[in-house]
Amino acid sequence: MTENSGPHGGHDHSHNDFQPDIKEPTENWEFLEIALRELLVDKGVLSAREIQDEIEAWEKKSPEKGAEIVAKAWVDEEFKVRLLEDANQTIREFGIEVEVLKMVALENTPELHHVVVCTLCSCYPRPILGVPPLWYKSKQYRSRVIREPRAVLQEFGTKLSDDTEIRVVDSTADCRYLVIPTRPVGTEKMTETELAKLITRDSMIGTAQARDPIGKRS
Amino acid sequence: MKNRLISDIGGLPEGPLDLSEHEPTMTERRIDAMMMLLRAKPRSFWASDENRRTIESLEPETYKKAEYYEKWVLAMKELLIEKAILTEAEIESKLKEVRSRMEPS
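Chain order of the listed sequences is A and B. In terms of this note's numbering, the first sequence opens at residue 1 and continues consecutively. In terms of this note's numbering, the second sequence opens at residue 1 and continues consecutively.
Please note that a few of the clues may not be correct.
Claimed, not checked - The calculated label-pair distances, taken between Cβ atoms and stated as ranges, are: (1) A/Ala57 to B/Lys65: 27 to 33 Å; (2) B/Glu92 to A/Arg150: 45 to 51 Å; (3) A/Thr172 to B/Glu61: 24 to 30 Å; (4) B/Ala40 to A/Glu188: 38 to 44 Å; (5) B/Arg43 to A/Leu84: 30 to 36 Å; (6) B/Ile81 to A/Glu194: 51 to 57 Å; (7) B/Met102 to A/Gln52: 17 to 23 Å; (8) A/Gly157 to B/Lys65: 29 to 35 Å.
To be clear, the hints were calculated from the coordinates, so they are not data collected in a lab. All figures in this text were calculated on a predicted structure; none of them were measured in a lab. C-beta atoms are modelled at their ideal positions from N, C-alpha and C, and glycine is treated no differently.
Can you make the complete structure from the sequences, with help from the hints?
Okay, structure coming up:
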């Protein structure tokens, strides 16, 4: 009545369009998380500090680590050979210690293209790529990519030549894969750091190619 | 194909992919963190294939409907009971307390 009386005036506009920064738990399983955490902390099985540290450590694991490894494999043939022979040993040079899992690197070429899935659940090379994207865990991807990989790749905007063989590899609780995407043409003069920027998460899962040097995917 | 496990969906017909990215909530991050801590050294209470076995043994209806980390926290509860780290009774009683504390009355 006194000041702005339009729909956006005063303090009476709705905040419903905004999500709260921290969503209050409403679901059974969200309450269960709180209950289990409090019990584990009370009993001294875990500490609250450790949980926080683990969350921070997770946020630091990102596909950038994988991109550094692949960029080195692109410029250093001897490194690539070692990576293909024994990935666990070779990624130690990047400070990644993987003890329980077997890590396997697979090289994509114009003749042979690898795509990674976990049909039974969501096994993923977390030490190198961080947490898996939602689609990787979806029933659509898990069901379809082994039967119709070309159609699935097309949904990612990835079109391969009909002559290219596609090999889909299924991850397990014990074995995880890293794809070395094909190095794009026209990148001969680029530095390792510049090359790493062309190597996307999806290109290391095999659902995309590395970016070409002008930014679009080839 | 008969006698497939509920999780054994490779090759089945399905619809188009949803390629949108997802920013995990704090609840999801904490479930992930606890799971990793409980199964990693030095605790090694269980191995990652035991996670999978527990998730696969959820009721088929739950498996189909549940969100991703919902399955994880349900599996974590089962494993904590199975490994005698927590009891079902103390979890139920804690859950009641948490609910009465946090739910608006």
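Now the hints, each set against the structure:
1. A/Ala57 to B/Lys65: 27 to 33 Å: The hinted range 27 to 33 Å holds for A/Ala57 and B/Lys65, with Cβ atoms some 31 Å apart.
2. B/Glu92 to A/Arg150: 45 to 51 Å: Check passed, 50 Å falls within 45 to 51 Å.
3. A/Thr172 to B/Glu61: 24 to 30 Å: The hinted range 24 to 30 Å holds for A/Thr172 and B/Glu61, with Cβ atoms some 26 Å apart.
4. B/Ala40 to A/Glu188: 38 to 44 Å: Holds: the Cβ-Cβ distance is about 42 Å, inside 38 to 44 Å.
5. B/Arg43 to A/Leu84: 30 to 36 Å: This hint holds: roughly 34 Å between Cβ atoms.
6. B/Ile81 to A/Glu194: 51 to 57 Å: holds (52 Å)
7. B/Met102 to A/Gln52: 17 to 23 Å: holds (20 Å)
8. A/Gly157 to B/Lys65: 29 to 35 Å: holds (31 Å)
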